[in-house]
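Asks: Residue-level listing of the chains:
Number of protein chains: 2
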Amino acid sequence: MKALEVKIKKEGKVFPGEILKIDNFLNHQIDTRFLDEIGQEFRRLFDKEVTKILTIEASGIAIATATARYYDFCPVLFAKKIAAANMSDAVYSAELFSYTRKQTFYASVAKEYLNENDKVLIIDDFLANGEALNALVSLCKQAGAEIVGCGIVVEKGYQPGGRKIREMGIDVQSLAIVSSMTDDSIEFADQPL
Amino acid sequence: MKALEVKIKKEGKVFPGEILKIDNFLNHQIDTRFLDEIGQEFRRLFDKEVTKILTIEASGIAIATATARYYDFCPVLFAKKIAAANMSDAVYSAELFSYTRKQTFYASVAKEYLNENDKVLIIDDFLANGEALNALVSLCKQAGAEIVGCGIVVEKGYQPGGRKIREMGIDVQSLAIVSSMTDDSIEFADQPL
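Those protein sequences? They're chains A and B, same order as listed.
Quick note on this note's numbering: the first sequence kicks off at -16 and runs consecutively.
Quick note on this note's numbering: the second sequence kicks off at -16 and runs consecutively.
Honestly, I wouldn't trust all of these hints.
For chains that are exact copies, the list does not tell them apart, and a pair is met inside one copy or across any two.
[Said to hold, decoys possible] With a Cα cut of at most 30 Å, we get these calculated DSSO-like pairs of lysine-lysine:
(1) K85 with K102
(2) K(-10) with K64
(3) K102 with K(-4)
(4) K(-8) with K124
(5) K124 with K(-15)
(6) K85 with K147
(7) K94 with K4
Honestly, the hints are just simulated from the structure, not real lab data.
Given these sequences and hints, build the entire structure.
Replies: So this is what it looks like as C-alpha cells:
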C-alpha cells in the first residue's frame, strides 16, 4: 500500500533498537480517514467469506473495527492481554512474549465467542517476532476455527515472525514491509523477505 | 438510546459487586453495526464543532473511531494506561484509580497531540466512579483544550462519577443510564439521577 509507505516515511519515528513508532496516525493518535482506507485495502486483499475478525488489544482494535465495516459489519473479537494464564474452562489462552515490554503475557478470548463455524480474519498493527500473531493463530486453532488469513499493517520483514506464520501455510498480507531501517531512512520491500 | 437499553437487558450479564458486563457486543466481542449506530447517536447529541476525540485504551478505542467518522473523520487520540506516572516533559498525565483492578494507573497522552486549539469530545464506554473520565478531563485542561462534552455509552447513575463531572459544568451525555441493577434485572433512567 503505497500511501502507507509514504505516510510511514513522512510521519514515522525511529528509536534506538530499531523501534518504529507511528504514534502520529495509528498507535496513539489515529488518522481515522486513513484507517478507513486500511480497512478497504484488507477487504481487497482477502476477498473471501469472513464471519469474524480477531485482533488483540489495544492498537489492533481500531484497525479491526474499521475493516469489519467492509465485511458487512461482521463482529470483531479482541483478545485480552493478561499477565497470568486464566485456566478457566471458559477461555482459550495462548502465551506471548512482549519484546517491547520484556514480559510474558497471555492472549485470552472467551470460548463462547470463537468456535469451529467461524471463518476468521486475524488483524494486527505490527508483525516482527510474531509472538502476538502466533498467539492469535493458536486461539483460532484451539477453537477449531478456520483462519482465512492474517492482515498486518506494518511487517518488519527482516525479523522472523512473517516467515514463521507463512510456513504454517497461513496467508499473511502486510500493507507495508520494512526491509531496513536506520535513524535516517526506512526502506520497504514489495514482497516478504 | 432505547436500542442500547434493550441490548443491555438482553445481552448484558450482571456479576456480584454490581459489575455489568457487555462483553457480547462492546467490551470483548464488538457488534460493529451497532457500534456505528452509537457513533451516529453521539454525533446527534453533540452537534458542535469537534476537532479531536479523546478516549482511553482499550474499550474506548472502537467507540471513538466509530464516532470520528461522523465528525468528518476527525483524529482520535487514545490515552495510554500506564502503571507509573511518566514525568517526561513530552506528556500530560493524570492519576486514576481502577476500582475493577484495585490499582492506581495514570492516563497519559503526548503533548504534541493535544493543545489549546483543540475542541475535544471525550468518549468512553462506562462511567461509574468517574476516575477515568476525570483523568481525561484533566488531560484536556492541562493542554488548555476546550471540552465540547463527554459521551458515555453506559453510566451507572447511582454512582457518583456523572454528578462529579457535570458539577464542573461539563456536558455529559450517556446513551444508557442504569438506575438499579440486581442479578435478575436492570432498570434505566431517562435523566441523570
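Asks: Would you mind marking each hint as holding or not holding in the structure?
Replies: A quick look at each hint next to the structure:
Taking CA atoms no more than 30 Å apart as the test, K85 paired with K102 passes in neither setting, with 32 Å inside one copy and 37 Å between copies. In this assembly of identical chains, the alpha carbons of K(-10) and K64 lie at most 30 Å apart whether taken from the same copy (29 Å) or from different copies (26 Å). When the C-alpha separation of K102 and K(-4) is checked against a cutoff of 30 Å, the pair qualifies only between copies, where the shortest distance is 27 Å, while the shortest distance within a copy is 36 Å. When the C-alpha separation of K(-8) and K124 is checked against a cutoff of 30 Å, the pair qualifies neither within a copy, at 36 Å, nor between copies, at 33 Å.
Taking the shortest Cα distances, K124 and K(-15) never come within 30 Å of each other, neither inside one copy (33 Å) nor across copies (38 Å). Taking CA atoms no more than 30 Å apart as the test, K85 paired with K147 passes inside one copy only; the shortest distance there is 21 Å, against 39 Å between copies. For a Cα distance limit of 30 Å, the shortest separation of K94 from K4 across copies, 16 Å, qualifies, whereas the shortest one inside one copy, 33 Å, does not.
Of the numbered hints given earlier, the model fails hints 1, 4 and 5; all others are met.
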